[in-house]
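Given next are the chains, with one letter for each unit.
There are 2 protein chains.
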Amino acid sequence: MGFEKVAIVGSGAVGLYYGGMLARGGKDVHFLVRSDYEAVRAEGVRLLLPDGEIHLDRVNAHASPESIGAADLVIVALKTTSNGALPALLPPLLNDGTAILTLQNGLDNEPFLAETFGAERILGGLCFICLNRVAPGTVKNFFPGCLTLGEYRRPPEERTREIAAAFRSAGIDCRLAEDLLETRWRKLVWNVPFNGLTIAAGGIDTERLLALPGMTDEIKALMTEIQAIAGAAGIRIDDAFLERQIDITRPMGPYRPSSLIDFLERRSVEIESIWEAPLREAVRHNVPTPRLRLLYALLRALC
Amino acid sequence: MGFEKVAIVGSGAVGLYYGGMLARGGKDVHFLVRSDYEAVRAEGVRLLLPDGEIHLDRVNAHASPESIGAADLVIVALKTTSNGALPALLPPLLNDGTAILTLQNGLDNEPFLAETFGAERILGGLCFICLNRVAPGTVKNFFPGCLTLGEYRRPPEERTREIAAAFRSAGIDCRLAEDLLETRWRKLVWNVPFNGLTIAAGGIDTERLLALPGMTDEIKALMTEIQAIAGAAGIRIDDAFLERQIDITRPMGPYRPSSLIDFLERRSVEIESIWEAPLREAVRHNVPTPRLRLLYALLRALC
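Line by line, the protein sequences are chains A and B.
The first sequence begins at 1 in the numbering used here and counts up one residue at a time.
The second sequence begins at 1 in the numbering used here and counts up one residue at a time.
For the record, the hints were derived by calculation from the structure and aren't laboratory data.
A quick note: this is a predicted structure, and the numbers were derived from the prediction, not measured.
Misleading hints may appear alongside valid ones.
Which copy is meant is left open, so a pair is good if it fits within one copy or across any two.
Claimed, not checked - Using 25 angstroms as the maximum straight-line C-alpha spacing, the simulated SDA-like pairs for lysine to any residue come out as follows:
id : residue 1 : residue 2
1  : K140      : G69
2  : K140      : T224
3  : K220      : G202
4  : K220      : E281
5  : K79       : G52
6  : K140      : R280
7  : K220      : H285
8  : K140      : A282
9  : K79       : P213
10 : K5        : A233
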């Protein structure tokens, strides 16, 4: 595709970080900015990385998609709770060849974008990373993590590799998913228990959660429910993967999942993407998921 | 038994209320008082009832069980989280004929008292009532409710009827349980979901809980788990009883279960009695109880 011009829709932590990195890597990046518009226009974007700071003092900040115009790649980094805005926001950014990459959480975003803008445009990415917007235009990254990219219902294509190469040359550990949907289910195996229970157990980090008596069994039991739903949907996740999710979480220390941060900062939590979407699949495939149901009902009450 | 002298162990809301009512009914009531000792000694006991106020200006307040001495009836109204104190507190109150009536929550109190003091002494009572200690020595009762009494592992005896008659002549709607254990399980059908979920859903009353989307299904599902454990323990509770628990709760309005009040006022919550005891029975009888397990783990984190 030979992409150069990138539009970032949603300039929260995820959008500022990946857009900022691509700009640093030499791409022509345009940010569609809502709340931080004045700050980003005046001060640029600041990325606080584990190994130093990147300050992009002049970035292309826009208040409307019309001002950006058609791009080669549109990166969607809105909270999924704002997805209703996309049918109005995206058209000015698209020409026939524009690819749309959603970096959002959950199962529903690619199907939604595919239905609205055409399946052939759509890619998805999973951000295994901890990002926190600490001030307008400023994002802190606690550990490098990685980004996994895939095509919607297709194996990786030439453009997938090009986009991944651009991320890599900007310093991001970027991998390709042969099966994007499988990767999304694997991420839910972690997100459903950890994002949910850290909220429901009183707003505590993963370290304190794992230290609670009996809680690790509940985390595993929730993972097993997600595994069962995925299995019914034709996606096999083995038991060792579940165990490994516990093992990789322990060394993270007092980690706060994105939903917990949203909850603690009284922002809307992505309940539909993370808990409701798998629950809907469970109902469709008739898979019993008592813990997911109870957790979902509690989160609806709490968030 | 011809009982006259009553010792009240634990002078919180429950102890002050039932002791105060028996004193008003003419019994020789002695209160073992911890935190409210000075207030009760100086000002007596005040009961704020739906239809008026009762003020007992001179009551027998004691700081130690030795000062009370042997009684005909000992009423245990401590929080179950203080049960460890009973083997030291009760012996000075007992002679050969003394009956012990526990008004505490949960399944474990009668077996514990029976093992320590002899099964033939033990009665249990279930308080279907809302009481709140609003000031030292002062208890507010929001609606009359009723008290159900039974013998430990025996049908009602002559003394059960005598005690019930004394409560009735003091103005309390007192009933007899043919099978005390069955009555306790039936109370858990209500307490497990409502006391637990009002806490886990963010510290909200039963009216707000029942208004949450999907929550009534979760309440029923938890009730069904308790029904299954009781069934495995030989106690049959039919489906209509479960439905009725929802029906009777709706008209209660913004009701705060006792555990929710304890939680909101940062007092210890009776987790062992209400959630751990049935969970232990579930393990013993190999009954799957995924929602009870998750709720229990969350309550351990929250309380």
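Now for the hints, and whether the structure bears them out:
For the homomeric pair K140 and G69, neither the shortest alpha-carbon distance inside one copy (29 angstroms) nor that between copies (68 angstroms) is at most 25 angstroms. Taking the shortest Cα distances, K140 and T224 never come within 25 angstroms of each other, neither inside one copy (33 angstroms) nor across copies (47 angstroms). For the identical chains of this complex, K220 and G202 are neighbours both inside a copy (19 angstroms) and across copies (24 angstroms), given an alpha-carbon limit of 25 angstroms. In this assembly of identical chains, the alpha carbons of K220 and E281 lie at most 25 angstroms apart whether taken from the same copy (19 angstroms) or from different copies (22 angstroms).
For the identical chains of this complex, K79 and G52 are neighbours neither inside a copy (27 angstroms) nor across copies (55 angstroms), given an alpha-carbon limit of 25 angstroms. For the homomeric pair K140 and R280, neither the shortest alpha-carbon distance inside one copy (34 angstroms) nor that between copies (46 angstroms) is at most 25 angstroms. When the C-alpha separation of K220 and H285 is checked against a cutoff of 25 angstroms, the pair qualifies both within a copy, at 21 angstroms, and between copies, at 22 angstroms. With identical chains, the CA atoms of K140 and A282 are never at most 25 angstroms apart, being 36 angstroms at best within one copy and 47 angstroms at best between copies.
Taking CA atoms no more than 25 angstroms apart as the test, K79 paired with P213 passes between copies only; the shortest distance there is 23 angstroms, against 33 angstroms inside one copy. In the homo-oligomer, the alpha carbons of K5 and A233 never lie at most 25 angstroms apart, since the shortest distance is 37 angstroms inside one protomer and 69 angstroms across protomers.
In the structure shown, a violation is registered for the earlier hints numbered 1, 2, 5, 6, 8, 10, in ascending order.
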